[in-house]
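One-letter residues, chain by chain:
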Amino acid sequence: MRKAMVLTVIAILAAATGQGQSPAPRSEPSCPSEPALFHPCAQKVGATFEPPRTADGVPDFQGFWRGPSFATENIEEHPKTDDDDGGKSLIVDPADGKIPYQAWASPLPAKHRAEYIDPNVPCFPSGVPRSLYTPTQIEFLQTAGYVLILFERAHAYRVIPTTTGQHVGASVRLWMGDSRGHWEGHTLVVDVANHNAKVWFDQAANFFSASARMVERFTLVDRDTMHYQVTIDDPGVFARPWTMAFPLRRNTEPGFRLLEEACHEGERNTDPLIALGYKVYPGN
Amino acid sequence: MGMRVVPVAAGLVVVLGAGLLVWTANGRSGDTPPRTAAGQPDLQGVWQVLNTAAWNIQDHSEERYPGLPARFSMPAGQGVVEGNEIPYQEWAAAQRNENYKNRQTADPEEKCYLPGVPRITYTPSPFQILQFPDRVVFLYEHLHAMREIFTDGSPHPNLPVEFWMGDSRGRWEGETLVVDVIQFTSQTWFDRAGNFHSDALHVIERYTRTGPQHMLYEATIEDPKVFTRPWKMSMPLYRRQEAAIRILESECYALAREEAR
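So the protein lines, in turn, are chains A and B.
Numbering follows this note's numbering, with no gaps: position 275 of the first sequence is 275.
Numbering follows this note's numbering, with no gaps: position 227 of the second sequence is 227.
What the hints contain is simulated information worked out from the structure, not anything from laboratory work.
These figures come from a predicted structure and were not determined experimentally.
There may be inaccurate statements among the hints.
[Claimed, not checked] What the simulated footprint calls covered on chain A by chain B, stretch by stretch (three residues with Cβ under 8 Å from a Cβ of chain B suffice, anywhere in the stretch; the number is not a length):
no., segment
1, 146-156
2, 160-171
3, 175-185
Note that CB positions come from ideal geometry on N, CA and C, so glycine has one too.
Using the sequences and the accompanying hints, generate a full structural model.
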């Protein structure tokens, strides 16, 4: 419903501003989109691709991007059903594409899914990394010392300083975590800590704890494809660190802009779910 | 030789004088307003108001807020409205009084809705300004509200679309960022005291650096459906001095759901 409204507004805006007649040609992807095939290919291609540079001389990621939105259903491989589009696993390590939960943790997603409302339903910020594959438009902006990521969904944003600095104190827990970035060659490496862990990885209730540390790597592999990797280290929940990788593809529509998705202001699904007995996920 | 010195010195005086017009409040002698790499006045940083406008934009005594313990009372405050008077039309003055009576439940803030402009400025949470050649981005801690203010000369999308935060188009006038904001919903208020507007609201904001640590914020309010004439608020913005200051999160609607945990 909400999605339909946003799409209508976009359509009106596109019609009125003359956008959308002929999208700028998007380059052919250098690598297949399926994560298990994309990741090794992107590692190889990304090592030699010379990215465009900003005025400050760092790789230029600016513009609009989209992640693999099917993964918001489940980051592991899942079939197409009446509810789900289905899709391959985003997990490239371990090679079986499964989240390496510790024994106590592996039954919890199914249990939580039956008890709790997906935290995305009441428009809570999606957190990291779910924001990157939530069905939404993503805009990257760069200025000296910062990479800024704006998400159309619920107008969430991330401010990533790329100069030296420490995370905020460990007791400060945030929906979107606290991000600290630096450049390694062509790659933006972001360390994310201070998670409040009241978010899920996906609608399947895959979860992590507030102790999780995540290291993200953003690398351009061709003009219109970004290689995104995130390694999750949470020794209280997982048997070992594990890694998701997937492409972000550029939206080349001329004149495109983010609109205000006043998500909470129009949200009407949570109260009926609470009336049915579902609870708000308290975090871990 | 002496003849050449005089005109040069006079020129310097003129240049400095022009700079000091906007760079007086706390500027040290000889400082000039900084510029971004793109040559625009540099407004970047983390800013915050130090006033009680969130409670009431007009002069007010201290007062219990309905339903809250005394320790969360509204503090007394000097208003931010120039001349203190808000020129309501007669029906609107009555509506404002009704809003005030029902403020505990009728204030859109009670539902944790986006507060609109200019209320977002004095919520009074901190906000960060980042600048780009074609836009200025405001990132607010309150409800992770975000504004992209395009300064590329593009017009408002002239469409029947309402935004909680309006549609902002900016331009640089000397040292000032001037922002024209329209296409508002009628569902936001100016404060917790019931001051309100309609969907015809037109806000003209002006952001002017007055010193290394200060900025003047002015907002001219036009709304022919509600007011008899335009009126204006103004207040200083203070730069947060903590070296490690970060915009954190203030997620009212997430906290409101805690009873369902």
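Verdict on chain B covering the segment 160-171 of chain A, where coverage means 3 or more residues with a C-beta closer than 8 Å: Holds: 3 residues of the segment 160-171 of chain A have a Cβ under 8 Å from chain B.
Test coverage of the segment 175-185 of chain A by chain B using CB-CB distances below 8 Å; three residues minimum. Coverage by chain B holds for the segment 175-185 of chain A (3 residues, Cβ < 8 Å).
Verdict on chain B covering the segment 146-156 of chain A, criterion of 3 CB contacts below 8 Å: Held - the segment 146-156 of chain A has 6 residues with a Cβ nearer than 8 Å to chain B, which meets the minimum of three.
Against the hints set out earlier in the document, no violation occurs for any number.
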